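Protein chains: 2
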Amino acid sequence: MSEQSLDGRPVDGSEIGKRRPGRRPGAADTRGQILAAARETFAEKGFDKATIRGIARQAGVDPALVHHYFASKEGMFVAAMELPINPDEVIPMLLAGPREDIGERLTRYVLTMTSEAGARQPVLALVRTAMTNDRVVTMIREFISHAVLYRIAESLQIPPIRMEAAFAQLFGVVLMRYVVKLEPLASVEIEELVELLAPTIQRYLDVP
Amino acid sequence: MSEQSLDGRPVDGSEIGKRRPGRRPGAADTRGQILAAARETFAEKGFDKATIRGIARQAGVDPALVHHYFASKEGMFVAAMELPINPDEVIPMLLAGPREDIGERLTRYVLTMTSEAGARQPVLALVRTAMTNDRVVTMIREFISHAVLYRIAESLQIPPIRMEAAFAQLFGVVLMRYVVKLEPLASVEIEELVELLAPTIQRYLDVP
Chain A
9 MSEQSLDGRP
19 VDGSEIGKRR
29 PGRRPGAADT
39 RGQILAAARE
49 TFAEKGFDKA
59 TIRGIARQAG
69 VDPALVHHYF
79 ASKEGMFVAA
89 MELPINPDEV
99 IPMLLAGPRE
109 DIGERLTRYV
119 LTMTSEAGAR
129 QPVLALVRTA
139 MTNDRVVTMI
149 REFISHAVLY
159 RIAESLQIPP
169 IRMEAAFAQL
179 FGVVLMRYVV
189 KLEPLASVEI
199 EELVELLAPT
209 IQRYLDVP
Chain B
9 MSEQSLDGRP
19 VDGSEIGKRR
29 PGRRPGAADT
39 RGQILAAARE
49 TFAEKGFDKA
59 TIRGIARQAG
69 VDPALVHHYF
79 ASKEGMFVAA
89 MELPINPDEV
99 IPMLLAGPRE
109 DIGERLTRYV
119 LTMTSEAGAR
129 QPVLALVRTA
139 MTNDRVVTMI
149 REFISHAVLY
159 RIAESLQIPP
169 IRMEAAFAQL
179 FGVVLMRYVV
189 KLEPLASVEI
199 EELVELLAPT
209 IQRYLDVP
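Line by line, the protein sequences are chains A and B.
Residues 9 to 216 (the numbering used here) are what the first sequence spells out, left to right.
Residues 9 to 216 (the numbering used here) are what the second sequence spells out, left to right.
Derived by calculation from the structure, the hints in this document are not laboratory data.
Because the structure is a prediction, the values reported are computed rather than measured.
Please note that the accuracy of each hint is not assured.
You can't tell identical chains apart in this list, so a pair holds if it fits in one copy or across any two.
Below, in silico cross-link-like pairs of lysine-lysine (BS3-like), each with a Cα-Cα straight-line distance of 25 Å or less [as the list claims (entries may be wrong)]:
| no. | residue 1 | residue 2 |
| --- | --- | --- |
| 1 | K53 | K189 |
| 2 | K53 | K81 |
| 3 | K189 | K57 |
| 4 | K189 | K81 |
Turn these sequences into a full structure, and let the hints guide you.
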């Protein structure tokens, strides 16, 4: 059985290389071709120096076609690495509600997304590779910094280091819950963790 | 040049297998033999099921000799894995000062210890191995839980999950500072990080 994310998008890599029912083979192949080219280009150049034009060239397609499939370089990175969290979605979600609930909103979002094995697995695979591969570390650092953390920090008008501290807290919890499996952290309900962690995240995200 | 920790103890593994000046070769070899046996036993049985008696048998020495070199199973694990942080030192240090400064004390201790490459490197090596090896994960989980987190939580009379959240925050920061190298997190002074993180750790370690 192929695992699916909450929105029904396959998250276990089955969309790449395999044909999906109801989609023209040509279209599926082109999208897969672009994603394969994106993975190569991001790994080689890092996130900052990769361009949509360069990825289109690598895939042997027109840049307009890349734009047709992926709204942004960020969106393409998320799809290529099969990440469950897209900054193009997280940032509007964070800013949509009241500022005083932002810590709770972000904490619940991260814990809910990562509670799903199919969404978590590509993230952990990337972390595993990064632990022993400097190029992958560079690629991840650039993406997280420029596509996620700096953008959120700028939107919230807080110093980037506060967003990095919040990220370190949430990432550390996900690692301890799903890789190290510390108890009781690994077994408690999401809402108990939200209650414990949200005030921390809220403090970092409040204007100092 | 061999890196040394603040107290002059070699931390890059040079004490194992090599002879140190001023120490009788026989003594150094026995200690190294016990540590090698400890590493094998911990990897095979995990932390909880390993015993000083079993490690002595594996090393072919008398259990009394193991006690002579290492005060406790915890101390032996720390020496065998070359960890920079010994719970037998951290816990008294945490409890020694006023309760309202405990977050600051723990945060500064962890950041100072990990700021030294020689102390940090064995920890990161262990984390790298753990990411792809379930036995190593089990060994680390048991050690961290029973020798560090539960003991601190019990001393402070707080629920263990609060200590786990604090640990996740500090571990996440060390990972982002030294592996992912997020900026500005990787470059700021320790005291700036202490100011940012200590209130978080203090909140978790306060009696709820």
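Copy assignment of K189 with K81, given that the CA separation must stay at most 25 Å: For K189 and K81, the Cα distance is within 25 Å only across copies (22 Å; inside one copy 34 Å).
Quick one: K53 to K81, C-alpha cut-off 25 Å, is that within a copy, between copies, both, or neither? within (13 Å within a copy, 47 Å between copies)
How do K189 and K57 come out at 25 Å by Cα distance, when the copy is not named: within, between, both, or neither? Intra 37 Å, inter 18 Å, cutoff 25 Å: inter-copy only.
Intra- versus inter-copy proximity for K189 and K53 (alpha-carbon distance at most 25 Å): between (34 Å within a copy, 18 Å between copies)
Consistency note: the structure conflicts with none of the earlier hints.
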